[in-house]
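Per UniProt numbering, residue 1 is the first one in the sequence shown, and the count goes up by one each step.
Watch out, some of these pointers could steer you wrong.
[Unchecked claim] Below are the DSS-like pairs computed for lysine-lysine, each with C-alpha atoms no more than 30 Å apart in a straight line:
(1) 30 / 46
(2) 30 / 89
(3) 89 / 46
(4) 85 / 117
(5) 198 / 26
(6) 3 / 194
(7) 248 / 198
(8) 3 / 131
(9) 26 / 46
(10) 85 / 26
(11) 3 / 259
[Stated by the list, open to error] Simulated DEER-style distance windows between Cβ atoms:
(12) 124 / 185: 33 to 41 Å
(13) 262 / 113: 40 to 48 Å
(14) 111 / 252: 28 to 36 Å
(15) 123 / 13: 30 to 38 Å
(16) 82 / 185: 26 to 34 Å
Because the hints were derived from the structure by calculation, they are not lab data. Bear in mind the structure is a predicted one, so any value in this text is a computation, not a measurement. All C-beta atoms in this analysis are idealised placements derived from N, C-alpha and C, irrespective of residue type, glycine included.
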Amino acid sequence: MPKFAANLTMMYLEHPFLDRFAAAAKDGFKAVEFLFPYDFEAAEIKTRLADNGLTQALFNAPPGEWAAGERGIASLPGREPEFRKSIEKALEYTAVLGNRRLHVMAGLIAPEQLREKHRAVYLENLDYAAKEALSLGITVVIEPINTRDIPGFFLNRQDDAQAVCDEIGAPNLQVQFDIYHCQIVEGDIAVKLKRDMKRHNAGIGHIQVAGVPDRHEPYLGELNYPYLFELIDSLGYDGWIGCEYRPKAGTSDGLGWIKPYL
């Protein structure tokens, strides 16, 4: 049966961040994820996880200047030293929080910038991140993101992400398959899940869900999620599925769709 992690960056906004752990546990979640932990001490978050019997499924490495509009620095030429420091900081947090997945955001590229140059930096940085994470038992994941939500994002397609992983060849570098983003960019979700879940070199390291087109609860919108959950289960995926959506109303009130799985 699929197992789900509440995304505390988007869900339970009725509560302060540190109180969202208890709210998620009360609703039956056994795991959580969020974008960034760095505004809080790792030990403080670890206490919330332990007190509520929760597993940390995933978070993101530092993305650069988020408030200024940056969305990752892995593909940005000239930011390599900063990227290495960001991986060091992220791995310090994984050591405390216990997650085995770390998402590294690619970053933005302007139309006039050379894609080949950005890709070369991306490959070099991901190779470094994967090597640093390997001895700690951490898998680095990269996520294609649609350019409607994040215009100019460097990585947009599942096959491109798999090609990056293949080229680097690290055993702990995989793709984060966000069904919401994939549906907007490419569609054909079931075929891509079947194709990429079977891959031996890269494959799918984490899955996220949301309704399309409005990014509300998965039962709202154009996708048949019960079918997709059954498919994911049949393909042998045993990782967490992150609920990275914006509740249409209150978080708890909108969880009827997930009750059979919790």
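Consistency of the hints with the structure:
1. 30 / 46: Distance of about 14 Å is within 30 Å: holds.
2. 30 / 89: Holds. Residue 30 to residue 89 sits at ~26 Å (cutoff 30 Å).
3. 89 / 46: It holds: about 16 Å lies between the C-alpha atoms, which stays within 30 Å.
4. 85 / 117: This hinted pair holds, its Cα atoms lying about 21 Å apart.
5. 198 / 26: Given pair residue 198, residue 26 is violated - Cα atoms ~35 Å apart, limit 30 Å.
6. 3 / 194: Satisfied, since the Cα-Cα distance of roughly 19 Å is no more than 30 Å.
7. 248 / 198: violated, 34 Å
8. 3 / 131: holds, 29 Å
9. 26 / 46: holds, 17 Å
10. 85 / 26: violated, 36 Å
11. 3 / 259: holds, 11 Å
12. 124 / 185: 33 to 41 Å: Given a distance of about 25 Å, which is not inside 33 to 41 Å, the answer is violated.
13. 262 / 113: 40 to 48 Å: holds, 44 Å
14. 111 / 252: 28 to 36 Å: violated, 43 Å
15. 123 / 13: 30 to 38 Å: holds, 36 Å
16. 82 / 185: 26 to 34 Å: holds, 28 Å
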